Each structure stands twice: as structure tokens, then as C-alpha cells.
Amino acid sequence: MTTYSPVSKNYHPDLIVEEVKNGWRIVRLNRPKSLHALDESIVTALLEVFQDFHADDNVKAIWLDSTTPKAFCAGGDVRKLRQLVINDEASAANKFFEQEYALDLLLHNYAKPVLVWGEGYVMGGGLGLFMAAPFRLVTPYSRLAMPEINIGLYPDVGATRFLADRGAVGLFTGLTGSIMTAAGAYGIGWATHICDAQRDNVLDKVVNIHWDHYPAGDFRAIDDTLNSMHRPVGPGPLQNSLDVIQSVCRGVNFEHDYEAIVGLSDARSDWLRQASENLQKGSPATAALTWLLWQWGKKIHSWNEVFELETQISEWKIRHADFVEGVRARLVDKDLAPDWEKGADMSLKGILGANPPVISNQSWNELLKHYGVIS
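Residues 1 to 375, numbered by UniProt numbering, are exactly what the sequence shown covers, in order.
Derived by calculation from the structure, the hints in this document are not laboratory data. Just so we're clear, the structure is a prediction, and the values are computed from it rather than from any experiment. Please note that a few of the clues may not be correct.
Claimed, not checked - Each computed DSS-like pair below joins lysine-lysine, with the alpha-carbon atoms no more than 27 angstroms apart:
#1 Lys95 to Lys80
#2 Lys9 to Lys95
#3 Lys369 to Lys349
#4 Lys112 to Lys9
#5 Lys60 to Lys112
As the list claims (entries may be wrong) - Pair by pair, the computed Cβ-Cβ distance ranges are:
#6 Ala90 to Val262: 50 to 56 angstroms
#7 Asp266 to Lys299: 32 to 38 angstroms
#8 Asp335 to Val252: 46 to 52 angstroms
Here a beta-carbon is modelled for each residue, glycine too, at the ideal position from N, C-alpha and C.
Please take these sequences and the hints and turn them into a complete structure.
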């Protein structure tokens, strides 16, 4: 088997960074108790790792995973973020988002191949990292989602664009936080490969690539190797629900889409009924914001623009009462009974009009005017 040796630099106590032969490096999240949740210290360390590797000519490719099969990364450490907001340290919470988005942006523009082994839970900030890599591997045990509707945040980490890129399916998954299996993730292009082999066997195969056999380059070498191990699986609940998703998510009128999804409470599919319940019990402000960001993201903005916008939206959203309350209900007290901020009605203006997310982005503010949130 392949031997690994630690790199000389100690980046973070919860990161394992190792050197492998053939120019490979392994980066491993090691926070099993929190399902490898991200906080400012670890995203800052990851940013440094990937900046160093980008500038190092000895590094050809990077494998990113975690130390446990239960999760690659279940998201950002929102409990810690909530406490910062409560302690009136919102600037420290903003710093987390700035560092996290800088890391995601770096990976979206990265010149070297990055493979993410997305086994187990890949959610929120973990899905942001995953989606920023060109090679995104899932297993039959992977579960992917942007579940921010449940905690009063919103689908960020680039989801403003990667949900919009998936049309109605992206809007549906953003509004409902629905969990996707490997089949669904591969079906909509979130995952590039499904591997049913053991992680170490896949890793061993890619680490032993003979680069000189591939005149078309390193990306092609990795793609060909992963294609040989790709194992398609049968359709999952998402594929079986595509017609329904297209019919309920028209993306023309927020109230129509909201009511149509809530109306799936008597659907035959457990997955669709769960989606309906998630939206019905979720934060109305998150739903409204998600719908508007999907509209903005459809205009194919650059990743730089996306993360600039999300930085400002996040600053607004963590100060919104639903964030502190949503994290309390789901992750702190765990009573699952959040007292969401009530709007005048279930229109975009009714939900967001009293406290609109006006920021310094002209195209965003024009969108708010277009949909009557502001005048």
C-alpha cells in the first residue's frame, strides 16, 4: 500500500496534511465529534494549505476527505456562530464567512486537480467545499443537502450560483433542504463519480497514476482513472420526483412556488412529503431569501461576484432573529419548535419588507425592487 508522511508544516490540530508519492497531497478534516464542522480557525488553515500547495511546483494534485466515513463535513459550526452573535461579536462571525468564501473561491479557480471524497454527510459548508472541486466523489452512503431552511440561515457557500445552475431542482433543494442520495447528486451533476470501492482502494489507484501516460494532462489522467471505478446506481427519490419538482417550482412567483411545495404534504413519496414539511416548518425569511438569490444567480455571475454578494447577505442574515432562534431550536435546546419572525403575509414583501436585505450590490437591490420587496 501507499505510504504517507506528514508535511513539515503544522497547519491546524484538526487537520491532517500528508505528502504522498507522485506529487499527491492528502488533506483530512479531523473533527469527528462535530462531523468535521468548519469554524474560522479551520477554514483559515485550509486556505493556507491550498495557497501553499498552489504555489508549490512539487504538488501535482490534492485529495481532500475526513477521518470518518460518517461525514465528509456536515457544515459550518453554526452553534459557535450563534454564540458570537448573542455575545455581540458579529464581526467575528463575519470573519468566518469571509475566510470560508475565500477558501471556496480559491478552489473554484484552482489550477491543480482537487478530489473530494464525499462519503456520509456532505452538507452546508461541506457541500460548498465539495462543489468547488473538479472531482467530486460520492458513495452509496453519501447524503448531500443545503438544509439551511431548518436553521434560519440560507444556502450560501456558492449555492447562490450552483442551485441556480440546476434550474427547478436547485430551487426545490434550496427551499426544502431535501437530502440527496448518491444517485440524485450524480444525476444533477453535483457529484462527478460514484464509487462503491473502499476509500483507500480508490486513493491508492489515483496516487499510482502514471502521469507520463497521459499527454492530455493531469486532469484527464485523473478523470480516466475515476471513470474506470465509477459504478452507477439505480434512480433515487430525486430522479423519481423530477416531474413533480418541475411542476411545483416554476420560479415565476414566490407565493405560488411556496404553496405548491407545501401542497405536497399528501404526496405518495416520503421524500416529497418530507420536503413539504421542511418548508412548512422552516424559516419564511430563509425561503424568501433563497428564492430571490436563485433569481439573482440565474444571471450567471462570476464566482467572485457570487461570494461578494454572499458575504454581504450573510452579514445581514446572522443579525436576523431567525438565525439565532433556528439554531437554538434545532441544535441547542433541540425542541424543534422555532418561533420564526412573522411577516405581514407570505409574499416576498410581507416577509422581508419590514427588514429588507438591502446591501451595496446594485443588481441585487434592483432585483428587490423588481419583486416589490423595496420601492
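Results of checking the hints against the structure:
For the suggested pair Lys95 and Lys80, the alpha carbons sit about 13 angstroms apart, so the restraint of at most 27 angstroms is met. Only pairs whose Cα atoms come within 27 angstroms are accepted, and Lys9 paired with Lys95 is accepted, the gap being roughly 24 angstroms. With a C-alpha separation of about 10 angstroms, the suggested pair Lys369 and Lys349 falls inside the 27 angstroms cut-off, and the hint holds. Among the hinted pairs, Lys112 with Lys9 is consistent with the structure: their alpha-carbon atoms are about 20 angstroms apart, no more than 27 angstroms.
Between the alpha carbons of Lys60 and Lys112 the distance comes to roughly 6 angstroms, so the proposed pair stays at or under 27 angstroms and holds. For Ala90 and Val262, the hinted distance range of 50 to 56 angstroms is not satisfied, since their beta carbons lie about 32 angstroms from each other. For Asp266 and Lys299, the hinted distance range of 32 to 38 angstroms is satisfied, since their beta carbons lie about 36 angstroms from each other. Look at Asp335 against Val252: about 36 angstroms separates their beta carbons, and that is not inside 46 to 52 angstroms.
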